[in-house]
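Asker: In case you want the letters, here they are:
Protein chains: 2
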Amino acid sequence: MARIAIDLHGGDFGPSVTLPSSLQFFRQHPQHYGVLVGRAELCRVSVEQLPPNTEWVEADPLGDQSHKPSRLLRHAGNSSIEVAFRMLEDQVVDALVSAEHTGVLLALVTKHGTLHSLLTRPVLASWLPTKAKPTVMLDLGASFSATSDQLLAYAAIGSGLFRTESSLPTLALLNVGTEYFKGPPELRNANQLLSEWPSIRYQGFIEASQVFEGKLDVIVCDGFTGNSVIKASEGALDLTLGSLQSVFNRGLLLRLLGLALKRPIQQALSPLDPHKANGALIAGSNLMAVKSHGNAGQVAFKAAIERSADLVNRQVIPAVWRELNRLIDDDVLD
Amino acid sequence: MARIAIDLHGGDFGPSVTLPSSLQFFRQHPQHYGVLVGRAELCRVSVEQLPPNTEWVEADPLGDQSHKPSRLLRHAGNSSIEVAFRMLEDQVVDALVSAEHTGVLLALVTKHGTLHSLLTRPVLASWLPTKAKPTVMLDLGASFSATSDQLLAYAAIGSGLFRTESSLPTLALLNVGTEYFKGPPELRNANQLLSEWPSIRYQGFIEASQVFEGKLDVIVCDGFTGNSVIKASEGALDLTLGSLQSVFNRGLLLRLLGLALKRPIQQALSPLDPHKANGALIAGSNLMAVKSHGNAGQVAFKAAIERSADLVNRQVIPAVWRELNRLIDDDVLD
Numbered sequence: 515m516a517r518i519a520i521d522l523h524g525g526d527f528g529p530s531v532t533l534p535s536s537l538q539f540f541r542q543h544p545q546h547y548g549v550l551v552g553r554a555e556l557c558r559v560s561v562e563q564l565p566p567n568t569e570w571v572e573a574d575p576l577g578d579q580s581h582k583p584s585r586l587l588r589h590a591g592n593s594s595i596e597v598a599f600r601m602l603e604d605q606v607v608d609a610l611v612s613a614e615h616t617g618v619l620l621a622l623v624t625k626h627g628t629l630h631s632l633l634t635r636p637v638l639a640s641w642l643p644t645k646a647k648p649t650v651m652l653d654l655g656a657s658f659s660a661t662s663d664q665l666l667a668y669a670a671i672g673s674g675l676f677r678t679e680s681s682l683p684t685l686a687l688l689n690v691g692t693e694y695f696k697g698p699p700e701l702r703n704a705n706q707l708l709s710e711w712p713s714i715r716y717q718g719f720i721e722a723s724q725v726f727e728g729k730l731d732v733i734v735c736d737g738f739t740g741n742s743v744i745k746a747s748e749g750a751l752d753l754t755l756g757s758l759q760s761v762f763n764r765g766l767l768l769r770l771l772g773l774a775l776k777r778p779i780q781q782a783l784s785p786l787d788p789h790k791a792n793g794a795l796i797a798g799s800n801l802m803a804v805k806s807h808g809n810a811g812q813v814a815f816k817a818a819i820e821r822s823a824d825l826v827n828r829q830v831i832p833a834v835w836r837e838l839n840r841l842i843d844d845d846v847l848d
Numbered sequence: 515m516a517r518i519a520i521d522l523h524g525g526d527f528g529p530s531v532t533l534p535s536s537l538q539f540f541r542q543h544p545q546h547y548g549v550l551v552g553r554a555e556l557c558r559v560s561v562e563q564l565p566p567n568t569e570w571v572e573a574d575p576l577g578d579q580s581h582k583p584s585r586l587l588r589h590a591g592n593s594s595i596e597v598a599f600r601m602l603e604d605q606v607v608d609a610l611v612s613a614e615h616t617g618v619l620l621a622l623v624t625k626h627g628t629l630h631s632l633l634t635r636p637v638l639a640s641w642l643p644t645k646a647k648p649t650v651m652l653d654l655g656a657s658f659s660a661t662s663d664q665l666l667a668y669a670a671i672g673s674g675l676f677r678t679e680s681s682l683p684t685l686a687l688l689n690v691g692t693e694y695f696k697g698p699p700e701l702r703n704a705n706q707l708l709s710e711w712p713s714i715r716y717q718g719f720i721e722a723s724q725v726f727e728g729k730l731d732v733i734v735c736d737g738f739t740g741n742s743v744i745k746a747s748e749g750a751l752d753l754t755l756g757s758l759q760s761v762f763n764r765g766l767l768l769r770l771l772g773l774a775l776k777r778p779i780q781q782a783l784s785p786l787d788p789h790k791a792n793g794a795l796i797a798g799s800n801l802m803a804v805k806s807h808g809n810a811g812q813v814a815f816k817a818a819i820e821r822s823a824d825l826v827n828r829q830v831i832p833a834v835w836r837e838l839n840r841l842i843d844d845d846v847l848d
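So the protein lines, in turn, are chains A and B.
Just so we're aligned, residue 515 is where the first sequence starts under our numbering, counting upward by one.
Just so we're aligned, residue 515 is where the second sequence starts under our numbering, counting upward by one.
A couple of the hints might just be wrong.
[Stated by the list, open to error] Dumping the calculated BS3-like pairs for lysine-lysine here, alpha-carbon to alpha-carbon at most 25 Å:
#1 B:645 x A:776
#2 B:776 x A:645
#3 B:776 x A:776
It is worth saying that the hints were derived from the structure and are not from the lab.
Chain A with its partners taken away, still in its complex shape (with noise of 0.2 Å):
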């Protein structure tokens, strides 16, 4: 059984996609408990009416998105990320889900959590959908850049996400080659520490052509590269499928085929549906904070939901920790 805040009011479409997935999600997952933060007239609910295993809780919404974090979280007293960040903070919930901007999700980690001591940020971990498994790449842009030990700290956030008593994760590096002496200074130091660390599979480097591949469990990286590496991926997509779209508007034989082929592609398709794997953890804290993509819909704003409960289920925040104190246990880092 999950507690979870839904902060109504985050994401681009706001309790129009946000309200519909979580009384879905609710109504379907009885086990579940759900604080639903939003302001009751903007969100056109009539609150009597909700599931029984949900309740209500008034706050507003954050106000102008065209602003910087700093300067928005100034006004955020009684906005709904805010009053879901103090349920979670007081342990009145088990995690948060929302579609806020990843700035202003950062800043309310780092105010109401307590950050790992190997850590000056939160750590933006995300599932990607791959050829195969899915795989957890992390940092997506929390930070900048890395330091060796940061990558390390990262490593074993990724490895808590996976870690069980009877196996460990598997874990690569990116890097702009695969042999021991490519790449900057911090990420060649990694690589050197990493493999002598017994705490996992290490893999060594790859790099970003094979992330998708689907053969690790984890992938470590700075946040300017990992952002950069899925937006990439998301524009290629695009471009690829923009063009096959092309091929369908050539004439009435290519029309039909089209509608013919229409279902089986979208099938084929649809594990690498980006939607499908919403639901980033802001890792690296005492709290559970899912990210949802801003542009969510219903079906991926319902994926973030599930993946928070899953979270929660596993157990994945004390299980991150202890590997965290593990790196500084084995004498591993710098």
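Based on these hints, arrange chain B on the given structure of chain A.
Answerer: This is chain B only, laid out in the frame that chain A set:
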């Protein structure tokens, strides 16, 4: 007319690809002159039967590719790539084309050429396939990071590749967000300086998802990010096409549809083929060295030779130099 030296021994497939590509190119383009550099015995060529607009220069393969570039180059004296570079330095040829490793080519450009004073290393500039017109992106991995002044130098190089009497190139900086306050300090600083430089049409920040839209002439980023973005896109493209292919393996009807659609789909995707865009410029020196993908086939290697001829004809080396000087003359740098 361009005089082009071809390093026959570079690349994963060596002369079995580079020689037929070169012969085809110079037969089709009698106005250009080719200097084919390699060991005739290994290339299985009878040098008497070469096209009249080519000549043969004997030289050895470079040796075991698994070593570091620095170690390789200590024994490079009579290698095909070093011989080609000496001809380029002596202005016996206008350009060289090689599928040798980037590290080797960067080291030889520095050894045989003169870098512009604004640069400490050459810069790898590559033409990307996009939805619209081709876009040049740089740096793609010659360096691992870039200061704001280095990013400005990359912008000047990109500008030199496109600027004409009548039009200024459009250019953007790659960042993790498009707002002016996003990203690390060197990017925010470069953004400010570029916005004040009248010699380009600067468009501000773009995110990696916009790289393939084809709205820009030039995209500037540090080499680690650029390298990762391109490789990630290749991986994402692979993943998509593999999933699509699987659609056409599900039963007889889909197999037949697949056969009918093979040609139009190939036609639609052909502009996205990275091999068609083969031929990166190792820029920033007085030498015109064009790098082919190591795994290029005959079509791709020929595309790299075509690129070198085009760049010689458009006299981009002096144009790039002019734009780099303009950065100094206009007092744009930090």
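Asker: Each hint: holds or not?
Answerer: Each hint tested on the structure:
1. Taking the CA atoms of residue 645 of chain B and residue 776 of chain A, the gap is about 22 Å. The hint holds against a cut of 25 Å.
2. The hinted pair formed by residue 776 of chain B and residue 645 of chain A meets the criterion: a straight-line CA distance of about 22 Å does not exceed 25 Å.
3. Pair hint residue 776 of chain B plus residue 776 of chain A holds up; C-alpha atoms about 16 Å apart against a cutoff of 25 Å.
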